[in-house]
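Undergrad: Going line by line, the protein sequences match chains A and B.
Heads up: the first sequence begins at 1 in our numbering, then just goes up one per residue.
Heads up: the second sequence begins at 1001 in our numbering, then just goes up one per residue.
Treat the hints with caution; some may be incorrect.
If the Cβ cut is set under 8 Å, some of the chain B residues that face chain A in the computed set are [claimed, not checked]:
#1 Ile-1007
#2 Met-1047
#3 Arg-1060
#4 Arg-1061
#5 Ile-1062
#6 Gly-1135
What the hints contain is simulated information worked out from the structure, not anything from laboratory work.
Built from N, CA and C at the ideal position, the CB exists for glycine as well.
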Amino acid sequence: MSGPAFGYCRAADAGDALIQGARPGAAFLAGGTDLMQLWKMGVATPDRVVDISRLPLSAVTADGSRLSIGALARLSDVAAHPLVSRDYPLIAQAILAGASGQIRNMATVGGNLLQRTRCPYFRTEDLACNKRMAGSGCGALAGQNRQSALFGASAACVATHVSDLAVALMALDARVEILGLGGPRRLGLSGFYRLPGDTPERETNLASGELITGVSVDSGDRFATRSTYLKVRDRASFEFAVVSVAAALQLEDGVIVDARLAAGGVAPMPWRLVRGEAALIGRRPDAPAFAAAGALAVEGAKPLAHNGFKIELLRRAVIRALETVTAQTAAAQTIGGDA
Amino acid sequence: MSDDGRIALSLTLNGQPLEVDVAPCDTLLDLLRDQLGLTGTKKGCDMGACGACTVLANGRRIKSCLALAAAYDGEAIITIEGIGTLEHPHPLQAAFIRHDALQCGYCTPGQILSGIALLEDKPRALAAISEGMSGNLCRCGAYPNIVAAIAELAGL
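All chains should be modelled from the sequences, with the hints used to inform the complete structure.
TA: Pasting the structure below:
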């Protein structure tokens, strides 16, 4: 199984990558785990791949309270990095909840953020999909839509974003560092992704030929002892989320002063549950507060024929994630920590 | 790159230096099997899901079906052919035999390479072995015996 032949070149440096990547038909190759699948399925048909995997963009560094992760850092290296596992366990957990050991050794942070949906209509060449072929229709809308979106979808596309890492990064207000021929720029993750609207083929606000150089998170380490990534899936490992929740709390004097909730598997992008967050601020981390957050988290969900079960699943996942976070806090206090 | 578009690679394959040229869209798996005749590495799903194609690249386990060969220039690749012999099998190969950790054997080369890499991470519980091996499917269902073979070498 393979797609049409393509050419190959290795970028000498970031500037060279931008020049090579600006050519029509060019596609950046980093870990290749998604691009190679899409090529074999006939979904991606690059004329030439520009191998960026050896560019020096794989460092994980902390500068004051800012964590920076290079776009070409391999997922397994990020999860195992002491800065991440100690101060950003939410990121490590989300990474380790995804894919398999082999894939995590290959896949990069930038590629993970850009991975395409697993909607079967997108990944099957002869089915209707506006994202793959504009104007062909959305097969999932009236077809098999168990995994489709509850939020943010359109009449043109109901596909979900499937990255686990992106859900954790969304909860932590991460920013995406971008390099183009005009210079560097930075986008918040929520402004990086686009909702499908009438143009589901455009999933991000990256311009053609622009390169992700890294992601950064400011002050996320204050959630280090009070965060969790809960992934609900159809089998225990190596499976995409049916629903996932990243939850993080900051407490002062037993009261929630900051709360972060983001969900995966329910929208065309990692989905911040802002109303659920708001319901937690100023309250004690107890069952009534969590129930309120869960109820507000699912407000506005628009189910299709087969995915309505995900509304209740998401509500419960939010509550369970918050319970897990609180239990961590209690455990840390028991062993004498200052959490 | 040559005029016909083929790309010259220098690899270390199972400990031996190797110069070879590939087409730009050749996968590492196709290079190993079709061009170099090393058919111990198996093609299962060819989509990164089954793990039959697992090899080590610079000591790390990867799925060679999703690896573009040209991107691995200069790397050290280890396949099932490079880890042991009939007379002197790799300790994990011997453990697979002791634990009857295969039936048809098709997934076994990938399981062994994946298991060797997992052992480097020093798994401390059976559950960590099961989770760590989730990238390798066995349609005969030899999972309990595969886990047991790896667990023995992990000292569990």
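Undergrad: Go through the hint on Ile-1007/B and say holds or violated, using the shortest Cβ distance to chain A against 8 Å.
TA: 6 Å, holds
Undergrad: Per the CB criterion, is Met-1047/B less than 8 Å away from chain A?
TA: Interface hint status for Met-1047/B: holds (5 Å vs cutoff 8 Å).
Undergrad: Mind checking the CB of Ile-1062/B against every CB in chain A and telling me if the closest is under 8 Å?
TA: Because about 5 Å separates Ile-1062/B from the closest Cβ in chain A, which is inside the 8 Å limit, the hint holds.
Undergrad: Verify the interface restraint on Arg-1061/B: the C-beta must sit less than 8 Å from at least one C-beta of chain A.
TA: 5 Å, holds
Undergrad: Close enough to count: is the Cβ of Gly-1135/B nearer than 8 Å to one in chain A?
TA: 3 Å, holds
Undergrad: Does the interface hint hold: is Arg-1060/B within less than 8 Å of chain A, judged Cβ to Cβ?
TA: This hint holds: Arg-1060/B lies near chain A, its Cβ roughly 5 Å from the closest one there, short of 8 Å.
Checked against the numbered hints above, the structure violates none of them.
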